[in-house]
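So the chains spell out like this:
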Amino acid sequence: MSAEKADIIAALQREILRLEGFRPGSHAAVDVSLGPFQEAFPNGTFPVGAVHEFLTASMEQGAATSGFMAGLLAPLMGDKGVAIWVSAARRLFPPALQGFGISPDRFIFLDLKKERDVLWAMEEALKCGALAAVVGEVREISFTASRRLQLAVEQSRVTGFVLRHAQRNVGTTACVSRWRITSLASEPEEGLPGLGFPQWKVELLRMRNGKTGVWNIRWEDGTFTPVYTTVQIHEQQQQVG
Amino acid sequence: MAGRYVSIWFRHLTTDWFSLRDPERRKQPFVLTAPVHGRVTIVAANAVAEARGIHTGMVLADARAVEPTLQALPEKPELANKLLHRLAEWCIRFTPVVAVDSPDGLLLDVSGCAHLWGGETPYLETIVKKLQARHYDVQAAMADTAGVAWGVARFGCAPWVIEPRRHLDRLVVLPPEALRLEADAVARMHKLGLHQIGQLMHVQRTSLRRRFGGHFLQRLGQALGHEEEILESVQPVEAYQERLPCLEPIVTATGIAIALEQLLQTLCQRLQQEQKGLRTAVLKGYRVDGKVEQVAIGTHRPSHNPRHLFKLFETSLPTIEPALGIELFILEAPRVEEHYDHQEKLWEGYGGLDDQRLSELVDRLASRLGTEVIHRYLPDEHYWPERSFRRATSLQEQPTAPWCIGHLRPLQLLAVPERIEVTALTPDHPPMLFRYKGQLHTIVRADGPERIEQEWWLQQGQHRDYYRVEDDAGRRYWLFRLGHYHEKIYQWFIHGFLA
Numbered sequence: 001m002s003a004e005k006a007d008i009i010a011a012l013q014r015e016i017l018r019l020e021g022f023r024p025g026s027h028a029a030v031d032v033s034l035g036p037f038q039e040a041f042p043n044g045t046f047p048v049g050a051v052h053e054f055l056t057a058s059m060e061q062g063a064a065t066s067g068f069m070a071g072l073l074a075p076l077m078g079d080k081g082v083a084i085w086v087s088a089a090r091r092l093f094p095p096a097l098q099g100f101g102i103s104p105d106r107f108i109f110l111d112l113k114k115e116r117d118v119l120w121a122m123e124e125a126l127k128c129g130a131l132a133a134v135v136g137e138v139r140e141i142s143f144t145a146s147r148r149l150q151l152a153v154e155q156s157r158v159t160g161f162v163l164r165h166a167q168r169n170v171g172t173t174a175c176v177s178r179w180r181i182t183s184l185a186s187e188p189e190e191g192l193p194g195l196g197f198p199q200w201k202v203e204l205l206r207m208r209n210g211k212t213g214v215w216n217i218r219w220e221d222g223t224f225t226p227v228y229t230t231v232q233i234h235e236q237q238q239q240v241g
Numbered sequence: 001m002a003g004r005y006v007s008i009w010f011r012h013l014t015t016d017w018f019s020l021r022d023p024e025r026r027k028q029p030f031v032l033t034a035p036v037h038g039r040v041t042i043v044a045a046n047a048v049a050e051a052r053g054i055h056t057g058m059v060l061a062d063a064r065a066v067e068p069t070l071q072a073l074p075e076k077p078e079l080a081n082k083l084l085h086r087l088a089e090w091c092i093r094f095t096p097v098v099a100v101d102s103p104d105g106l107l108l109d110v111s112g113c114a115h116l117w118g119g120e121t122p123y124l125e126t127i128v129k130k131l132q133a134r135h136y137d138v139q140a141a142m143a144d145t146a147g148v149a150w151g152v153a154r155f156g157c158a159p160w161v162i163e164p165r166r167h168l169d170r171l172v173v174l175p176p177e178a179l180r181l182e183a184d185a186v187a188r189m190h191k192l193g194l195h196q197i198g199q200l201m202h203v204q205r206t207s208l209r210r211r212f213g214g215h216f217l218q219r220l221g222q223a224l225g226h227e228e229e230i231l232e233s234v235q236p237v238e239a240y241q242e243r244l245p246c247l248e249p250i251v252t253a254t255g256i257a258i259a260l261e262q263l264l265q266t267l268c269q270r271l272q273q274e275q276k277g278l279r280t281a282v283l284k285g286y287r288v289d290g291k292v293e294q295v296a297i298g299t300h301r302p303s304h305n306p307r308h309l310f311k312l313f314e315t316s317l318p319t320i321e322p323a324l325g326i327e328l329f330i331l332e333a334p335r336v337e338e339h340y341d342h343q344e345k346l347w348e349g350y351g352g353l354d355d356q357r358l359s360e361l362v363d364r365l366a367s368r369l370g371t372e373v374i375h376r377y378l379p380d381e382h383y384w385p386e387r388s389f390r391r392a393t394s395l396q397e398q399p400t401a402p403w404c405i406g407h408l409r410p411l412q413l414l415a416v417p418e419r420i421e422v423t424a425l426t427p428d429h430p431p432m433l434f435r436y437k438g439q440l441h442t443i444v445r446a447d448g449p450e451r452i453e454q455e456w457w458l459q460q461g462q463h464r465d466y467y468r469v470e471d472d473a474g475r476r477y478w479l480f481r482l483g484h485y486h487e488k489i490y491q492w493f494i495h496g497f498l499a
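Protein chains in written order, with this note's numbering: chain A, 1 to 241; chain B, 1 to 499.
Note that these hints are calculated values from the structure, not bench results. Hints are supplied without guarantee of correctness; some may be wrong.
[Stated by the list, open to error] Listed below are the simulated DSSO-like cross-link pairs for lysine-lysine, each with C-alpha atoms no more than 30 angstroms apart in a straight line:
#1 B:K284 / B:K311
#2 B:K311 / A:K80
#3 A:K114 / B:K311
#4 A:K201 / B:K437
#5 B:K129 / B:K82
#6 A:K114 / B:K437
#7 B:K130 / B:K76
#8 B:K311 / B:K129
#9 B:K488 / B:K437
#10 A:K80 / B:K276
#11 A:K113 / B:K311
#12 B:K291 / B:K76
#13 B:K276 / B:K311
#14 B:K437 / A:K127
#15 B:K291 / B:K129
#16 A:K127 / B:K276
#17 B:K291 / A:K113
#18 B:K27 / B:K311
#19 B:K130 / B:K191
#20 A:K80 / A:K127
[What the hints assert, rightly or not] Here are the computed distance ranges between Cβ atoms for each label pair:
#21 A:G129 / B:L79: 58 to 64 angstroms
#22 A:S58 / B:V416: 15 to 21 angstroms
#23 B:L414 / A:R147: 32 to 38 angstroms
#24 B:V416 / A:E189: 45 to 51 angstroms
#25 B:W456 / A:N209: 56 to 62 angstroms
#26 A:R116 / B:V416: 42 to 48 angstroms
#27 A:N209 / B:L414: 38 to 44 angstroms
#28 A:D221 / B:T280: 44 to 50 angstroms
#29 B:D472 / A:N209: 34 to 40 angstroms
Cβ atoms here follow ideal geometry from the backbone N, Cα and C, with glycine treated the same way.
Between the sequences and the hints, there should be enough to build the whole structure, so can you do that?
Here it is as structure tokens:
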């Protein structure tokens, strides 16, 4: 009986998502596996064909965020995909993308002077179905502007990333999600000196049709691996027990 | 079809131009002078002066004796040539092939143009009227050969339009001057009593050549149409060009857009048939007041998609200033390349760098933001981080070397490394502490050093020892020390932020 009920509830949830205009990604081959927080997403898959918003406050956070974003971009771009990076003050060092499994020559960079142009170029790029993803670095984005981006991707099914360098006055946007990434101390392998794999604290502050949450994650061998703190491990053991 | 030519003769080209500056001069005898052999000689006289018996070649003092109120100004060298070039460019609205015919005329190849103005007589009348409206005293004639048109314009009389295949009848009654010959050859003919070209026709060619030279026979052949005459157009005709003359001058933005659309349709149709695509295109608008407005676009791949090309033009169309109206639109494609349709279909939906949609997007971005903001990078074979990549010249260019994957690089790189204060153990230990922007960072973990040497053939200077460090808050940095410890001249810098 309970299993039957669960099935009905799941079916109804899918129906609601469909009515709300959420469509499962057309890129069937794209598998952005984020490990532990997959269940936070609607239908349990990372929403492609949507605009995601990332907040950064400092240069260090900017590096961590672009690292996490590169991890998401790698499966989106695949072997042949092309992405555009629009910015008015770019600090990204293209050769570093190679470390995240992306060939930097498949990126097109637009280095503009005005923020208004960044939003225009981003919208124009998001309308182009030939792209795998579009990344835009802006300081401010109004609700209307984010709405325009969202409308553009609904046609083309391109995934957009808005990287916001904003410390405060973070208003509402029409983006499907809002993230904040902070770097964590790395854990070197047992007995080895130096730095370990990059680790981040991933805060999902907002997720339309999904759940929010905070996870620790490590970028290791081209995949995201969950990192559990001792408290979390303890909790899990208690649940199992 | 035989060709048709128009010759325009500006009877008082330079004096007319001076009269435009000061309309009073039009009613008074007025000449231009230049010193010749130490004497001030008249080189151009206006109609009033000519009517009073003053002609070019006269000494100014003699002319003053004939006409005491004569006004004289020094001539401007090269003025006639400049004026003719400007007028020739203006005449492009009537035909694409306009040649300057120094010193005082223009030659137009008007084959197949006259019907657009409703026949040859209205066509020639329009040209003459428009030039007269600009206060140039002109005489023009149309004939099957440039030679006869030239002769009739200068030495003939009305009707100015000589019907096809009737040019011989008009040529025979013209004086030998009408053949564009040197002055001494003409003088010799008059001396021999040859006052009409008709008289020369019956003389044997060999004796004509002996007496008057090969140049004379060439000119005669050109006038008769036996020898081809090549006009050197002031603007070379583009192979891919479309023209759209307008009945009424266009002044609105919508009108310009419609004209552009029509031109693009016809040009793209032709390109498609020939399996070609354009890389650059120029739209020119010839204004009523004689100015030419133009906008240009460029594409990253050959294209013959009128919708896409129109979008590229769209951003720059408002810069066209129609003023009183545009009479003629010309769309040119100076750069055209091979472009096959099946290729397009193959890449459709492919999503790679070869995708047609991608190059169209890049064109759109470039037309609004400029090409210099669009960057794509390829690996360059240098270890020095700032030189490890170079700009790609096109979307299709492939990397010639692999991207360096040996060492992890920072995702965020400062354009210029910034000085930091560091506490470190000598000689080769990573730093323990550093201060950046007033904040103290205690270093917990570190990797390094990775030494990168200067490339002496490019730049002189110290090597860099890079360290990847992590501070107590888990933030990762890329630091380097410039120079050796023992030389006491080292400095520490922060260069980037690792993910």
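Evaluated hints:
no.: 1; hint: B:K284 / B:K311; result: 17 angstroms, holds
no.: 2; hint: B:K311 / A:K80; result: 27 angstroms, holds
no.: 3; hint: A:K114 / B:K311; result: 22 angstroms, holds
no.: 4; hint: A:K201 / B:K437; result: 24 angstroms, holds
no.: 5; hint: B:K129 / B:K82; result: 22 angstroms, holds
no.: 6; hint: A:K114 / B:K437; result: 26 angstroms, holds
no.: 7; hint: B:K130 / B:K76; result: 25 angstroms, holds
no.: 8; hint: B:K311 / B:K129; result: 39 angstroms, violated
no.: 9; hint: B:K488 / B:K437; result: 24 angstroms, holds
no.: 10; hint: A:K80 / B:K276; result: 27 angstroms, holds
no.: 11; hint: A:K113 / B:K311; result: 23 angstroms, holds
no.: 12; hint: B:K291 / B:K76; result: 23 angstroms, holds
no.: 13; hint: B:K276 / B:K311; result: 19 angstroms, holds
no.: 14; hint: B:K437 / A:K127; result: 41 angstroms, violated
no.: 15; hint: B:K291 / B:K129; result: 18 angstroms, holds
no.: 16; hint: A:K127 / B:K276; result: 27 angstroms, holds
no.: 17; hint: B:K291 / A:K113; result: 34 angstroms, violated
no.: 18; hint: B:K27 / B:K311; result: 54 angstroms, violated
no.: 19; hint: B:K130 / B:K191; result: 41 angstroms, violated
no.: 20; hint: A:K80 / A:K127; result: 19 angstroms, holds
no.: 21; hint: A:G129 / B:L79: 58 to 64 angstroms; result: 59 angstroms, holds
no.: 22; hint: A:S58 / B:V416: 15 to 21 angstroms; result: 19 angstroms, holds
no.: 23; hint: B:L414 / A:R147: 32 to 38 angstroms; result: 35 angstroms, holds
no.: 24; hint: B:V416 / A:E189: 45 to 51 angstroms; result: 35 angstroms, violated
no.: 25; hint: B:W456 / A:N209: 56 to 62 angstroms; result: 60 angstroms, holds
no.: 26; hint: A:R116 / B:V416: 42 to 48 angstroms; result: 27 angstroms, violated
no.: 27; hint: A:N209 / B:L414: 38 to 44 angstroms; result: 40 angstroms, holds
no.: 28; hint: A:D221 / B:T280: 44 to 50 angstroms; result: 48 angstroms, holds
no.: 29; hint: B:D472 / A:N209: 34 to 40 angstroms; result: 39 angstroms, holds
Going through the hint list in order, the structure does not satisfy hints 8, 14, 17, 18, 19, 24 and 26.
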